[in-house]
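Novice: Residue-level listing of the chains:
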Amino acid sequence: MEKACRNQNEALMLDVLGELHDSRMRSEWEGHLRACGGCRRERARMLQLLGKVREAGMPPELSATQVDAMAGAVGWRLRNERLARPQETNRRRRLIPALAAACALLVVVAFGYRFKDRWTGPEGSGEISAELHAQDLDVIKHLDLLKDMDTIEKLIHVVDLPSNGQAPDQTAPETQGMHRDDMGKAYA
Amino acid sequence: MSSVNCAQPLPQDSPAAADEMELIRRARGNDPWAADQLVRRYQKKVYGIAFQLCCFDAEEARDTAQEALLQVFRNLGQFEGRSRFSTWLHRIAVNACLDARRRRRRWFRMILPRRTERRDEGDPEDPLDNIPAPGDGMDPVSSLSSAELKRDVMGALRGLSEHQRTVFQLKVLQEMSIPEIAAVTGMAEGTVKSHLFRATQSVRGQLRQWVER
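Residue numbers (the working numbering), protein chains in the order written: chain A, 1 to 188; chain B, 1 to 213.
To be clear, the hints were calculated from the coordinates, so they are not data collected in a lab. Just so you know, not all the hints are guaranteed correct.
A partial selection of chain B residues facing chain A, derived with a Cβ cut-off under 10 Å [stated by the list, open to error]:
(1) N30
(2) A35
(3) Q66
(4) W107
(5) F108
(6) E162
(7) S177
(8) R204
(9) L207
Taking lysine-lysine and the DSBU-like style, the derived pairs with C-alpha atoms no more than 35 Å apart in a straight line are [to be verified]:
(10) B:K45 to B:K150
(11) A:K52 to A:K3
(12) A:K52 to B:K45
(13) A:K52 to B:K44
(14) A:K52 to B:K150
(15) A:K116 to A:K141
(16) B:K44 to A:K3
(17) A:K154 to A:K141
Nothing here was measured: the structure is a model prediction, and the numbers come from that model. Even for Gly, the Cβ is constructed at its ideal location relative to N, Cα and C.
Only chain A is shown next, with the shape it has when bound in the complex (with noise of 0.2 Å):
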């Protein structure tokens, strides 16, 4: 049995699925067509093919009931969108200037999160400020105090240099030039 010619396949295809428009390619093909035999039976069974896929897909009926039954759901469907709506619309109109609220709290609060050292001096700094600056406070309250034993220290060093020119007690550099109590202990 004659075959349908390969290298007219795609004019095959095209012909059956109803989309060979080019005019010069279609006279082509009907005359191909009118000298081959394969091509013509190759074309016969790929309608025939298509036909049964058609045949295959057509839907089964829907009873009075199924009918009904879609209609009235969709017609609820339709009604219930169309009741959601305008609440949906008021719903969006109360929406509205809650966010636009919502929206200048949060610009206010990044201002003033922004400017917050601009605006609290250290006596308006609260409890938990204090609290935080309570160990700095100390260091700078004592700080001429501090001076102060370290001057001591430097002239303790300068009066007990001895006269021999000999380098101070190197053993307790802490306790250097210092006198010493009952107890032993050290003391400027």
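Position chain B against the provided structure of chain A, taking the given hints into account.
Specialist: The following block gives chain B in isolation, referenced to the frame of chain A:
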């Protein structure tokens, strides 16, 4: 309330078309009677589209048709009357069915991956189980033959890739042109053509016995 069940496209200048435009105008204005008339007029057509795009599953097709009809009414305001209402509706319904199919597939893949795989492998409800009982006025031999054909066509369609199946269904069952399919699926025309050729070849191979009988 009378129900009209014709789904034939109406000539644009016919009295019936004028009547249809009036129904559309009233449905846009939230007239439930007009909406009901339009649903009844086109539900079979939309159901047919859904059935063919849902791999011949009648129950799934009914749900999808409902969704598609809702989409039609949600978009009714966009119908400008430049084309026939039936053409416009067809486009909306096809898009809605493809969307529903994609959503369903995503959903199944997410919650029931194994079931989705099985469905794709070709383990659907067997059409041979749904042959009408004798006495329904149908020839049992022809019923059996059509159930077998349906089963084989379903099997052949399930053997295609997702893109090939969509393109083939839109072309062969919905009779859309290649540019229309390209517009609906977002593929290039060349890609559509290539998928269509491959799908047709594959289906021809699968259904060979049906054309050589």
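Novice: For each hint, tell me whether it holds in the structure or not.
Specialist: Results for each hint:
{"no.": "1", "hint": "N30", "in the structure": "6 Å, holds"}
{"no.": "2", "hint": "A35", "in the structure": "6 Å, holds"}
{"no.": "3", "hint": "Q66", "in the structure": "6 Å, holds"}
{"no.": "4", "hint": "W107", "in the structure": "20 Å, violated"}
{"no.": "5", "hint": "F108", "in the structure": "22 Å, violated"}
{"no.": "6", "hint": "E162", "in the structure": "18 Å, violated"}
{"no.": "7", "hint": "S177", "in the structure": "7 Å, holds"}
{"no.": "8", "hint": "R204", "in the structure": "6 Å, holds"}
{"no.": "9", "hint": "L207", "in the structure": "6 Å, holds"}
{"no.": "10", "hint": "B:K45 to B:K150", "in the structure": "20 Å, holds"}
{"no.": "11", "hint": "A:K52 to A:K3", "in the structure": "22 Å, holds"}
{"no.": "12", "hint": "A:K52 to B:K45", "in the structure": "20 Å, holds"}
{"no.": "13", "hint": "A:K52 to B:K44", "in the structure": "21 Å, holds"}
{"no.": "14", "hint": "A:K52 to B:K150", "in the structure": "9 Å, holds"}
{"no.": "15", "hint": "A:K116 to A:K141", "in the structure": "27 Å, holds"}
{"no.": "16", "hint": "B:K44 to A:K3", "in the structure": "42 Å, violated"}
{"no.": "17", "hint": "A:K154 to A:K141", "in the structure": "22 Å, holds"}
Consistency with the previously given hints fails for numbers 4, 5, 6, 16, ordered from lowest to highest.
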